[in-house]
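Number of protein chains: 2
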Amino acid sequence: MSTKPGYDKNKVILLICDGLGDRPSLGGKTPLQAADTPNIDEISKAGINGLMDVISPGIVPGSDTAHLAILGYDPYKYYPGRGVFEALGADMALHKGDVAFRANFATVDEKMRVIDRRAGRKGSKELAEALNGLEIDGVKIFLKNTTEHRCAVVMEGKNENLSKYVSDVDTHEAGDIVKKCEPLKGKEGEGEKKTAKIVNEFVMRSYEILNGHHVNEERRRRGEPPANIILLRGAGSYEEVPSIKARFGFSAACVAGASLYKGVAKYLGMEVIHVEGTTGRADTNLNNKVEAALHALKAHDFVFLHVKATDSMGHDGDFEGKKNMISRIDKELVARIKDADSYIVITADHSTPVSIKRHSSDPVPVVIKGVGVRKDRVNKFDEFSAASGGLGRISGIDLMPILSDFMGYYKMYGT
Amino acid sequence: MSTKPGYDKNKVILLICDGLGDRPSLGGKTPLQAADTPNIDEISKAGINGLMDVISPGIVPGSDTAHLAILGYDPYKYYPGRGVFEALGADMALHKGDVAFRANFATVDEKMRVIDRRAGRKGSKELAEALNGLEIDGVKIFLKNTTEHRCAVVMEGKNENLSKYVSDVDTHEAGDIVKKCEPLKGKEGEGEKKTAKIVNEFVMRSYEILNGHHVNEERRRRGEPPANIILLRGAGSYEEVPSIKARFGFSAACVAGASLYKGVAKYLGMEVIHVEGTTGRADTNLNNKVEAALHALKAHDFVFLHVKATDSMGHDGDFEGKKNMISRIDKELVARIKDADSYIVITADHSTPVSIKRHSSDPVPVVIKGVGVRKDRVNKFDEFSAASGGLGRISGIDLMPILSDFMGYYKMYGT
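From first to last, the protein sequence lines are chains A and B.
In this text, residue positions in the first sequence follow the working numbering: the first is 901, and each later residue adds one.
In this text, residue positions in the second sequence follow the working numbering: the first is 901, and each later residue adds one.
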């Protein structure tokens, strides 16, 4: 199988509305059905529609694995663990063998009971600096504060045989005692034991250093709980993977707010465009995103444009919020990209039904508009109409090969 | 990948009408189209419909492999061979390494020519007793008569290195000479040779013991052919597999008549509910089945309800019979489960078109009704209407993951 240039070189804007898919709830409708989406529907009408199982039917996608699949990378082969994406998204340097984590500043009492999993929304930068560069058992640990209480943590692997197969320290619930990091079941090798030991020591050291830190003294004086520990989770192990350019032949850029998506994009060798004013919430700045995407399309063949807020509202069970966010995406974003000189693709990384406030495996709608697509009879972009579209029911991993053929960068098997 | 509970815990009744799928014949209709099915259609109308390739397109499913797939077990990985299901379904104890067979009492002449493959519908229990517990080359052989001429046979494996890769002794046609059991091609190891030798000796011993048995003397006196040999087929090798509870997280029960389906259910760790009056024919007692299923739903999250007769009539080429059986299922069974407090799923394990009197690979219709499903426009449950349903065309192996997400016992990959 080889990648050959085709006769035409076309571009693509891939808009992923995070968690867009839903189940019927209010009045039997999904937020996407209830939203006001004349522009999206125009694309649906002009394009070919379908449903997409991002991983496979019945398997609930995480946001990280889902994006890998949609961007053409089999997550069962290429998923390095969440921490890697968080660290890359935070602009930290990673080298082969490094182990990276997501981390939160949190509040614990002297018995290591978690009072607040998300502490220190202010002053976190300084607290992160206090921990950055620690060395434990010869392994250097780097830390970067991203937003609010959130950090990424990197353990320098070098020849240290570190492993991502270790458990979370984060309790995921307030009220519980901070967990001990342990090798995952069935993975109890030397590397795992060593990594777990370093993680546990790092967490204890973080308490010693942070508890009496002047930032926390000030917090206590103001009556706020101290951000006196760092809790790690989502270990990932960095390895280089072939870039989108190397695998598909075209250059790609990413316009996203949250570090996870930027991290995935970096991992795949995409250019990550910085955008101001993105919040992942109802007040996120879509204008800056669309400007950045249209600008990126000049220098790149493929632009991945991500909007997080739809997922956040799904998790909140906020039907009206999700509906209104979709209407905003239609008016402020899709209206401005719909006539771009490129294929327009709209889809989601998974469903986040407001009725269950979690990711679900319900397939997501997908539409491709552009030269030569087999326009079907679907004229409304939603979870129901898409089921009768010309694409049928595809898998997430198939989307990029389909797009790369439309773009003229196709893989041919045989002669 | 981990199985996590969701926010809601929902139940499922899965109704499998064996061999339900068909091809158009009389008046261009299938038996399912021609049947009177107001209740099934009501479910179709309220639910999401689709077609299902139980194994994969074009591959004709056996009943055993089909049920494995539909219940979420890849048959290419988990299929132990038919004999295992027959023995488990007959309530025989099986241990790792045991090799089990389906078996028939048959009539042979002194040249070992098969006169009747299905002999001894009466008195079989006593004949089975005469063979039960024989020991050949140190291997104990147990036998149990199930219904009429049918038996299950278990060779105690222990450390005997027995193998399921041996050929059938059964001729599958009257008039042929009893076959010699041999190692399957490409599998001619010591275990296969040993197993084949024991099978051949067991069959010969069965003739010696049964031919002069008083039950057969009486049969001869009544002018009936003697049940003077036992013919083995469908060797299977028992191994424990992770249960449905272990893999999906919920408890499951089976309501079925024939030993095969009960055996599959036991193999997967389901509770098998005994039901009186099931025959697999037009006179089968559906009332007892529906009572058992509704009762089982109280103690279990998932109830697999099986009806065999539709398949039997397909094999008989009996259009009217199959049509009428479907109408009976609608009226006597579906009418009573349709409002149960659970998801209702109706499908088949394969098609058994009356026109060809055998299993076929034509995909089967499937419908899922319950909270949050994306109701489509299909309002009639049949092989044609289902093709335009919201599920599209799924694979048998995908059904359980899809259902487990609806149930709130979902697998998430990534974060």
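Just so you know, not all the hints are guaranteed correct.
To be verified - Between beta-carbon pairs, the in silico distance windows are:
| hint | chain 1 | residue 1 | chain 2 | residue 2 | range |
| --- | --- | --- | --- | --- | --- |
| 1 | B | V1141 | A | N1187 | 53 to 61 Å |
| 2 | B | N1185 | A | K1080 | 53 to 61 Å |
| 3 | A | D1298 | B | N1279 | 24 to 32 Å |
| 4 | B | I1109 | A | S1295 | 18 to 26 Å |
| 5 | A | G927 | B | G927 | 52 to 60 Å |
| 6 | A | S1295 | B | G927 | 48 to 56 Å |
| 7 | A | D1298 | B | P924 | 45 to 53 Å |
| 8 | B | V1141 | A | K1257 | 29 to 37 Å |
To be clear, the hints were calculated from the coordinates, so they are not data collected in a lab.
For glycine and all other residues, C-beta sits at the position ideal for the given N, C-alpha and C.
How the hints compare with the structure:
A beta carbon spacing of about 55 Å between V1141(B) and N1187(A) agrees with the range 53 to 61 Å that was offered as a hint. Take N1185(B) and K1080(A): their Cβ atoms lie about 57 Å apart, and the range 53 to 61 Å holds. A beta carbon spacing of about 31 Å between D1298(A) and N1279(B) agrees with the range 24 to 32 Å that was offered as a hint. The hinted range of 18 to 26 Å is not satisfied by I1109(B) and S1295(A), whose Cβ atoms lie roughly 57 Å apart.
Take G927(A) and G927(B): their Cβ atoms lie about 41 Å apart, and the range 52 to 60 Å is violated. Range check, S1295(A) to G927(B): about 39 Å between beta-carbon atoms, so the 48 to 56 Å window is missed. About 32 Å separates the C-beta atoms of D1298(A) and P924(B), a value inconsistent with the hinted range of 45 to 53 Å. For V1141(B) and K1257(A), the Cβ-Cβ distance of about 34 Å falls inside the hinted range of 29 to 37 Å, so the restraint holds.
In summary, the numbered hints that this structure violates are 4, 5, 6 and 7.
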